[in-house]
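> The listed protein sequences derive, respectively, from chains V and P. Here my numbering is used: the first residue of the first sequence is -11, the next is one more, and so on. Here my numbering is used: the first residue of the second sequence is -11, the next is one more, and so on.
Hints listed in this document are in silico derivations from the structure and should not be mistaken for laboratory results. Possibly wrong hints are sitting among the right ones.
Identical copies look the same in the list; a pair holds intra-copy or inter-copy alike.
Under the rule of at most 30 angstroms between Cα atoms (straight-line distance), these lysine-lysine pairs were calculated in the DSS-like manner [as the list claims (entries may be wrong)]: (1) Lys(-4) - Lys44; (2) Lys104 - Lys225; (3) Lys187 - Lys104; (4) Lys250 - Lys6; (5) Lys134 - Lys183; (6) Lys66 - Lys6; (7) Lys12 - Lys250; (8) Lys134 - Lys225; (9) Lys6 - Lys225; (10) Lys131 - Lys8; (11) Lys66 - Lys268; (12) Lys183 - Lys8; (13) Lys44 - Lys268; (14) Lys88 - Lys194; (15) Lys8 - Lys66; (16) Lys104 - Lys183; (17) Lys183 - Lys12; (18) Lys6 - Lys31; (19) Lys268 - Lys225; (20) Lys8 - Lys(-4); (21) Lys31 - Lys268; (22) Lys225 - Lys12; (23) Lys231 - Lys12; (24) Lys8 - Lys104; (25) Lys183 - Lys120.
There are 2 protein chains.
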Amino acid sequence: MELWYTEKHTLHSGITIKVKETLKTTTTPYQQLSIIDTQEFGKLMLLDGLVMLSEKDEFCYHEMLAHPPLYTHPLPEKVLIIGGGDGGTLREVVKHPCVKEVVLIEIDEEVINASKQFFPNIASGFSSPKAKVIVGDGIQYVKETKETYDIILIDSTDPVGPAEGLFSMDFYTSCYNLLNQEGILTVQSETPFIKSYAKIIGEVNKLFRNIFPIVNLYLTNIPTYPSGLWTFTMGSKVNHPIKNFQNNRFQADNMHLNYYNKSIHSAAFCLPNFIADLVK
Amino acid sequence: MELWYTEKHTLHSGITIKVKETLKTTTTPYQQLSIIDTQEFGKLMLLDGLVMLSEKDEFCYHEMLAHPPLYTHPLPEKVLIIGGGDGGTLREVVKHPCVKEVVLIEIDEEVINASKQFFPNIASGFSSPKAKVIVGDGIQYVKETKETYDIILIDSTDPVGPAEGLFSMDFYTSCYNLLNQEGILTVQSETPFIKSYAKIIGEVNKLFRNIFPIVNLYLTNIPTYPSGLWTFTMGSKVNHPIKNFQNNRFQADNMHLNYYNKSIHSAAFCLPNFIADLVK
């Protein structure tokens, strides 16, 4: 028997992946969580039937969510990750020698546990002494905490279900208020190739422009995500991602990365015309 | 009844697209040719069961095959397109005011006819007075012709079947010999995300380096192609794509494009680490 996992990205198209084995499938208090093993992409984590990550291409997402903002800020010491319970973004953030503390707040503890069990390489950041994990509601946290941060990264699912409130003016304003003087907020902001998602890119950009003086969209490539092309939106209080690229720190850190590098830092912010039009 | 077209990109993964209608399916002397209509991507042309183009995202491929080399050469007047029977690359090339003649040599006349019938917007370049269409074998043509060219663009299918000989030292050497003093050869060179294709990127690059002093890989995003990320390899006799970008001509031409622009011209040549490693 051949089993194929098919994810519909719209009502009319999707991706299909041959499954070697279903390793886990469970209903958490927040969502359905499944782990499948595949020949092509290695192990995948699915939430509510959508690919959250694959072993093969997760680096394209996690490196690009973390490093562009961290190498735009002159000296990020305290970082907040909202969502990102798989630990991939955390793994990238703790690589920065200047970072002293990373708080990760994930609503669904079972995502964290599943990642530790099935994706030890992705979950490796959890064992860093810099990491502080909170199981809880990120929206409530940013409203109530007295902590402040240099960088906030929103590593969320699509804006339906538990992540819906993460795409709102209220939430972004709360994040802004926690940011230090040179603070940066970066959010995953979906794909430009599918109409309903492309709309979100424009909306997030508009909300960010109401709050931040410097707002930029940037891109990465992830084959297991709809269309293969993904966007992030970065709002910055002071530093511009191109003009203020922290080259000295980047050179000194000398990380061994699979995707991000100096030229990609700038190139990712260059937008094809049809994408630039979404944020005009 | 719901009909879904599923293209396996490897034995273990693929894309699946809901079909509104099959408009044509025929066996030409060279390949199976099908035209399907879909909700998500508009009309698609399939050759031997693989997506050649969709109305929705063909601009990402055709603009990026044509404009980076044409805005690297100081004054391209004569251009040769091998393959590209749909006319999309031709449509982009004839937009350049400096181009006086474009020869397109396509082995399969039925591709040209189907494009004219079902994709009038893509085939529009065929009606340009600059266009000269030859139905024939590109490999034989480059060996025998006495013509010379400023730019040669290889707009081929994958290196199996009719296109196999288009990925060889012999063929690239013949192309080099037709190029004028500042000539440029650009070929589509597959995706870096799938092992068997990634191997081709490295092989093409190596062959090019044996012939051209300046060789560069660059990228575009095409959701209907395997992985969504695609590469082109450019070999140039004199001009470097970044250092010799023809900004004055680009500004003067003022084309209305959907993908290519000045910043994308440079950004497309910036490679994520795992892709740069393929051409080291």
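> Up to 30 angstroms between alpha-carbons, please classify Lys6 paired with Lys31: within, between, both or neither.
Both: 11 angstroms inside a chain and 27 angstroms across chains, each within 30 angstroms.
> Treating 30 angstroms as the Cα threshold, decide for Lys183 and Lys8: within, between, both or neither.
So Lys183 and Lys8 pass the 30 angstroms test across copies only (19 angstroms; inside, 33 angstroms).
> State whether the alpha carbon distance between Lys231 and Lys12 is at most 30 angstroms within one copy, between copies, both, or neither.
neither (46 angstroms within a copy, 52 angstroms between copies)
> Can you give me the call for Lys104 and Lys225, within, between, both or neither, at a CA distance of at most 30 angstroms?
Answer is neither; intra-copy 35 angstroms and inter-copy 52 angstroms both fail.
> At most 30 angstroms between C-alpha atoms: does Lys44 with Lys268 qualify within a copy, between copies, both, or neither?
Classified as between: cross-chain Cα gap 21 angstroms, same-chain 34 angstroms, threshold 30 angstroms.
> Is it within a copy, between copies, both, or neither that the alpha carbon of Lys66 lies no farther than 30 angstroms from that of Lys6?
For Lys66 and Lys6, the Cα distance exceeds 30 angstroms both inside one copy (41 angstroms) and across copies (47 angstroms).
> Quick one: Lys8 to Lys66, C-alpha cut-off 30 angstroms, is that within a copy, between copies, both, or neither?
neither (41 angstroms within a copy, 52 angstroms between copies)
> For Lys134 and Lys225, with the copy left unspecified, which applies at a CA distance of at most 30 angstroms: within, between, both, or neither?
within (19 angstroms within a copy, 61 angstroms between copies)
> When no copy is named, should Lys183 and Lys120 be tagged within, between, both, or neither for a Cα gap of at most 30 angstroms?
neither (37 angstroms within a copy, 38 angstroms between copies)
> Pop the pair Lys250 and Lys6 into one bin, within, between, both or neither, using alpha-carbon distances up to 30 angstroms.
neither (36 angstroms within a copy, 40 angstroms between copies)
> Cα distance capped at 30 angstroms. Does Lys12 pair with Lys250 within a copy, between copies, both, or neither?
neither (39 angstroms within a copy, 48 angstroms between copies)
> First find the shortest C-alpha distance between Lys183 and Lys12 inside one copy, then the shortest across copies, and answer within, between, both or neither for a cut-off of 30 angstroms.
between (33 angstroms within a copy, 28 angstroms between copies)
Checked against the numbered hints above, the structure violates hints 2, 3, 4, 5, 6, 7, 9, 10, 11, 14, 15, 22, 23 and 25; every other hint is satisfied.
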